[in-house]
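Participant: Please construct the entire structure, taking both the sequences and the accompanying hints into account.
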Amino acid sequence: MKKIFLFSIAGCLVFSSCHKNNDNKTTAVTESQVITDFVGKVALPQYQTLQDRATDLNNAILALNTTANDVNLVAAQNAWRSVRSTWEGCEGFLVGPVEDDNYDPNMDTWPVDYLQLDSFMTSSSEGDINTATVSTLGQSLRGFHPLEYILWGVNGNATAAGLTAKDKKYMVALAQDVLTTCTALNTSWATSGGNFQSQFLTAGTGSTRYTTKKDALLALAAGMADICGEVGGGKMLDPYDLRDSTKTESPFSHNSMTDFTNNIKGAQNVYLCSIGGVSGNSLSNLVAQKNLSLDNKIKSQFAAAVAALGNVTVSFESALYTQRTQLQTAMTAINDLQGTLDGELKTFITTYVKD
Amino acid sequence: MKKKVSVILGCVLTVTSMVMCRKANNAAIDDDSNFDPRLSGGAATFFDISSSSFSTPIPGLSANDERIHELGDALFEQSFIAAPAPRFGGLGPIFNNVSCANCHHNDGFGQPSFGQLGSSLLMRISVPGTDAHGGPNPAPGFGGQLQNVGLYGVHPEVTVNLTCTEQSYTFPDGTITSLHVPSYNIVDAYMPLPAGYMTSPRLGPPVFGLGLLENIPEATILAFADPADANGDGITGHANYVYNPFTKKTELGRFGMKANTSTLQVQVATAFQQDMGLTSYVQPKKSVWGQDQMRYVSDSTATDLADTMVDAVIFYVRTLAVPAHRNVTDPQVKRGELLFKQMNCAGCHRPTMYTGVNVNFPALSNQRIHPYTDMLVHDMGAGLADNRPDYLATGTEWKTAALWGVGMFEKTNGTPYYLHDGRARTIQEAILWHGGEAQRSKDQFANLPKSDRDAVVAFLQSL
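Each protein sequence line maps, in turn, to chains A and B.
Going by the working numbering, the letters in the first sequence line up with residues 6 to 360, in that order.
Going by the working numbering, the letters in the second sequence line up with residues 400 to 862, in that order.
Because the hints were derived from the structure by calculation, they are not lab data.
One thing to keep in mind: the hints can contain errors.
Said to hold, decoys possible - Here are the computed lysine-lysine pairs in the DSBU-like style, where the Cα-Cα straight-line distance is at most 30 Å:
hint: 1; chain 1: A; residue 1: Lys359; chain 2: A; residue 2: Lys302
hint: 2; chain 1: B; residue 1: Lys849; chain 2: A; residue 2: Lys359
hint: 3; chain 1: B; residue 1: Lys733; chain 2: A; residue 2: Lys219
hint: 4; chain 1: A; residue 1: Lys359; chain 2: B; residue 2: Lys841
Said to hold, decoys possible - Sample of chain B residues at the chain A side, in silico, Cβ under 8 Å:
hint: 5; residue: Ser449
hint: 6; residue: Ser451
hint: 7; residue: Val497
hint: 8; residue: Leu516
hint: 9; residue: Tyr551
hint: 10; residue: Val553
hint: 11; residue: Glu809
hint: 12; residue: Asn812
What the hints assert, rightly or not - Here are the in silico distance ranges between beta carbons for each label pair:
hint: 13; chain 1: A; residue 1: Thr127; chain 2: B; residue 2: Thr562; range: 35 to 43 Å
hint: 14; chain 1: A; residue 1: Leu67; chain 2: B; residue 2: Ala781; range: 52 to 60 Å
hint: 15; chain 1: A; residue 1: Gln333; chain 2: B; residue 2: Arg466; range: 17 to 25 Å
hint: 16; chain 1: A; residue 1: Ala137; chain 2: B; residue 2: Ser697; range: 25 to 33 Å
hint: 17; chain 1: B; residue 1: Met590; chain 2: A; residue 2: Ser203; range: 26 to 34 Å
hint: 18; chain 1: A; residue 1: Asp246; chain 2: B; residue 2: Gly689; range: 40 to 48 Å
hint: 19; chain 1: B; residue 1: Gly689; chain 2: A; residue 2: Gly211; range: 49 to 57 Å
hint: 20; chain 1: A; residue 1: Asp57; chain 2: B; residue 2: Gly689; range: 39 to 47 Å
hint: 21; chain 1: A; residue 1: Asn200; chain 2: B; residue 2: Gln741; range: 32 to 40 Å
hint: 22; chain 1: B; residue 1: Arg466; chain 2: A; residue 2: Thr327; range: 24 to 32 Å
hint: 23; chain 1: B; residue 1: Glu617; chain 2: A; residue 2: Ser37; range: 51 to 59 Å
hint: 24; chain 1: A; residue 1: Met126; chain 2: B; residue 2: Tyr680; range: 44 to 52 Å
hint: 25; chain 1: A; residue 1: Ser128; chain 2: B; residue 2: Pro527; range: 56 to 64 Å
Predicted model only: the values in this text are computed from it and were never measured.
Quick reminder that beta carbons are idealized off the backbone N, C-alpha and C, glycines included.
Facilitator: Shown next as structure tokens:
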């Protein structure tokens with residue numbers, strides 16, 4: 006290929022400038038290893054977990070439907086929190102099918118559209134409410150949050166006895182719809198399905214999506230930066246500016262703070278290539294090889310953002326009124342992190358990743 | 400749900416020198432030797448190769464303007480719902496989709512399908528003749544566009560079924576490829592369709608760079624026209640002149656697949672009205688005005704969108720930056736660019752022009768840009784014809800599509816689709832559909848050796 010000439014020049018420059026650093030390492034982390042481990046140790050296991058937990062949620066909802074008691078209601082609420090925790094972690098890498106095929110908005114649009122929800126519930130008969138009709142509803146009537154509305158109630162005080170026949174039909178359909186979406190998402194990366202993983206694994210060697218390894222790594226950097234921007238500049242900022250706790254992500258379960266923390270941790274997992282005790286060659290290792298101070302900066306900003314979120318001692322919905330200083334500090338920390346990921350990290354990748 | 404928060408960071412190269420004298424000669428204006436060839440949108444170029452490469456504001460916006468851009472961004476992604484609602488009501492009662500972003504995914508296009516959440520296709524309709532202003536004659540009972548989705552309980556105008564067949568194409572060198580041929584079947588109409596009705600499918604196009612296109616001087620566009628083919632290259636593009644319902648004047652058409660809309664204001668407001676059923680100060684009547692479905696509209700005099708909402712969305716699309724031209728030193732890309740010009744693809748897909756002065760937006764003002772369009776309509780042959788005239792654009796004519804950003808489609812949308820109805824799955828397929836005035840260039844492309852065809856595609860992928 007004619008490109009080789011250019012690459013070899015660039016390669017010489019990189020090698021000569023970083024020679025000292027490399028002498029101290031026994032083995033250098035390569036771009037390929039980072040991409041491979043992102044796929045094998047972060048993306049695929051998390052999507053599999055997502056599908057497993059969506060299955061658990063569906064089973065818990067079915068049990069609640071069969072036996073509507075408060076034990077089953079709490080079990081369903083816990084199953085909801087559990088699948089949410091995985092999903093918000095997966096939002097640390099919103100790249101590929103999750104974005105292309107609208108899996109994200111299909112299951113995670115908020116706030117819930119009460120008016121249309123009420124109109125749907127009153128105008129449709131019990132027999133009309135099923136998975137097929139739910140999958141054709143607007144995105145604000147599908148997914149996790151209408152389900153949250155049913156499981157917790159508008160004031161967080163739902164009881165199993167209070168569930169109407171229509172509520173039950175709707176929650177069963179919603180849980181099945183979420184499971185369908187999570188399964189489709191997991192399948193879209195699987196080799197036996199859409200095999201999106203191969204777009205990453207063959208980056209620079211045949212991938213049509215990521216024609217260079219630089220493209221693939223930039224996509225990961227953009228994914229991390231975007232979720233930080235979404236949390237710091239949208240999910241938190243909009244209700245903060247409006248001083249309105251009904252505009253939060255998970256207002257019925259008061260799970261929003263956990264959602265945010267899991268978002269940032271999800272991005273951190275991508276950067277460190279580490280989740281659930283399993284770790285691999287990471288973007289962090291790659292950065293540290295050539296710019297240790299940038300790697301330290303990113304790692305400490307991730308830690309600072311997570312810590313700042315942890316300093317909010319009440320639910321986000323309450324903190325909007327009572328702990329605004331802590332919220333502002335957390336948003337600032339997240340925005341600083343986003344600035345580094347969007348700026349210095351992308352510049353690093355653009356500068357040093359040459360194939 | 401993803402909410403794009405726009406932060407401009409670095410990467411914007413400032414063009415410091417604009418001293419080159421501008422000659423009418425194309426070869427001179429295309430000479431990039433004194434310029435950075437990556438700056439497709441001049442100062443309004445952004446360097447990003449992620450899925451959000453169409454979603455960045457132009458540089459130099461004030462804090463206030465940036466806020467308006469963000470509000471427009473949020474509204475662009477907002478799903479609208481049935482009236483009465485405290486916010487975002489007024490959808491329908493029949494429509495094509497519920498938000499801008501559902502059709503313009505990541506500010507690009509959507510899926511070439513009908514009636515799904517991510518569907519980006521719509522069908523225009525008219526009957527022979529023209530309306531009072533020379534535009535398409537609306538079909539009685541259906542208007543100018545078919546709304547194929549209804550609110551809960553409302554029968555939409557029609558259902559459109561799309562089927563595709565494969566058509567084999569053999570290159571002169573024996574290579575065989577396949578073209579996707581769509582066909583549309585309109586069923587389940589709420590009343591009989593009028594005799595002799597004509598339809599035309601449209602895939603929602605990308606929405607970045609529009610502020611620059613709006614700012615190209617009229618004289619520049621008209622200078623590209625060659626209606627009598629004086630230079631004998633087989634290309635006879637002409638401008639479309641269309642009615643602006645807001646200014647009540649006939650103006651040069653710039654937007655839409657047939658250049659049938661003159662300003663972004665009308666483009667955005669008409670999309671709100673026709674695609675979503677939302678009224679505004681620009682388009683104050685419901686899309687179902689005068690039709691049976693008006694009975695579902697509780698307040699026929701209400702304006703669904705506040706003026707500030709429409710204006711914010713107009714501002715948003717006007718201020719989206721253009722992704723940079725990439726791999727400009729790659730030998731294959733350079734080879735492809737040379738061939739692109741030699742085959743006279745650049746005869747319509749004009750590489751270089753300057754925008755006019757616009758004191759409000761320095762990044763849009765007097766910029767040297769590379770949109771690869773002449774903004775004119777051309778006969779594209781029978782294969783692409785919709786046989787539905789739109790003002791001065793005949794049933795075989797289409798506006799030259801801008802090619803900037805065309806290489807980013809796979810990143811912004813996953814599966815890329817090209818042409819007015821998204822029929823082409825690859826850039827090569829899109830080229831092979833060219834006919835009419837583009838026949839000569841298409842034939843030259845087909846006759847290239849495979850390595851050169853690949854080079855042309857590599858060049859287009861770099862845009």
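Participant: So, for every hint listed, does it hold in this structure?
Facilitator: Each hint tested on the structure:
1. Lys359(A) <-> Lys302(A): Holds, at roughly 23 Å.
2. Lys849(B) <-> Lys359(A): 27 Å, holds
3. Lys733(B) <-> Lys219(A): This hinted pair holds, its Cα atoms lying about 21 Å apart.
4. Lys359(A) <-> Lys841(B): Outside the cut-off at roughly 35 Å; violated.
5. Ser449: At about 3 Å, which falls below the 8 Å cut-off, the nearest Cβ of chain A leaves the hint on Ser449(B) intact, so it holds.
6. Ser451: With a closest approach of 6 Å, the Ser451(B) hint holds.
7. Val497: Interface hint status for Val497(B): holds (6 Å vs cutoff 8 Å).
8. Leu516: 6 Å, holds
9. Tyr551: With a closest approach of 6 Å, the Tyr551(B) hint holds.
10. Val553: 11 Å, violated
11. Glu809: 6 Å, holds
12. Asn812: 6 Å, holds
13. Thr127(A) <-> Thr562(B): 35 to 43 Å: Holds - the Cβ-Cβ distance for Thr127(A) and Thr562(B), about 38 Å, lies within 35 to 43 Å.
14. Leu67(A) <-> Ala781(B): 52 to 60 Å: 56 Å, holds
15. Gln333(A) <-> Arg466(B): 17 to 25 Å: 18 Å, holds
16. Ala137(A) <-> Ser697(B): 25 to 33 Å: Given about 29 Å between the Cβ atoms, the range holds.
17. Met590(B) <-> Ser203(A): 26 to 34 Å: 50 Å, violated
18. Asp246(A) <-> Gly689(B): 40 to 48 Å: 42 Å, holds
19. Gly689(B) <-> Gly211(A): 49 to 57 Å: Holds, at about 56 Å.
20. Asp57(A) <-> Gly689(B): 39 to 47 Å: Taking Cβ atoms as reference, Asp57(A) and Gly689(B) lie about 54 Å apart, which means the hint is violated.
21. Asn200(A) <-> Gln741(B): 32 to 40 Å: 39 Å, holds
22. Arg466(B) <-> Thr327(A): 24 to 32 Å: 27 Å, holds
23. Glu617(B) <-> Ser37(A): 51 to 59 Å: 52 Å, holds
24. Met126(A) <-> Tyr680(B): 44 to 52 Å: 35 Å, violated
25. Ser128(A) <-> Pro527(B): 56 to 64 Å: Violated, at about 41 Å.
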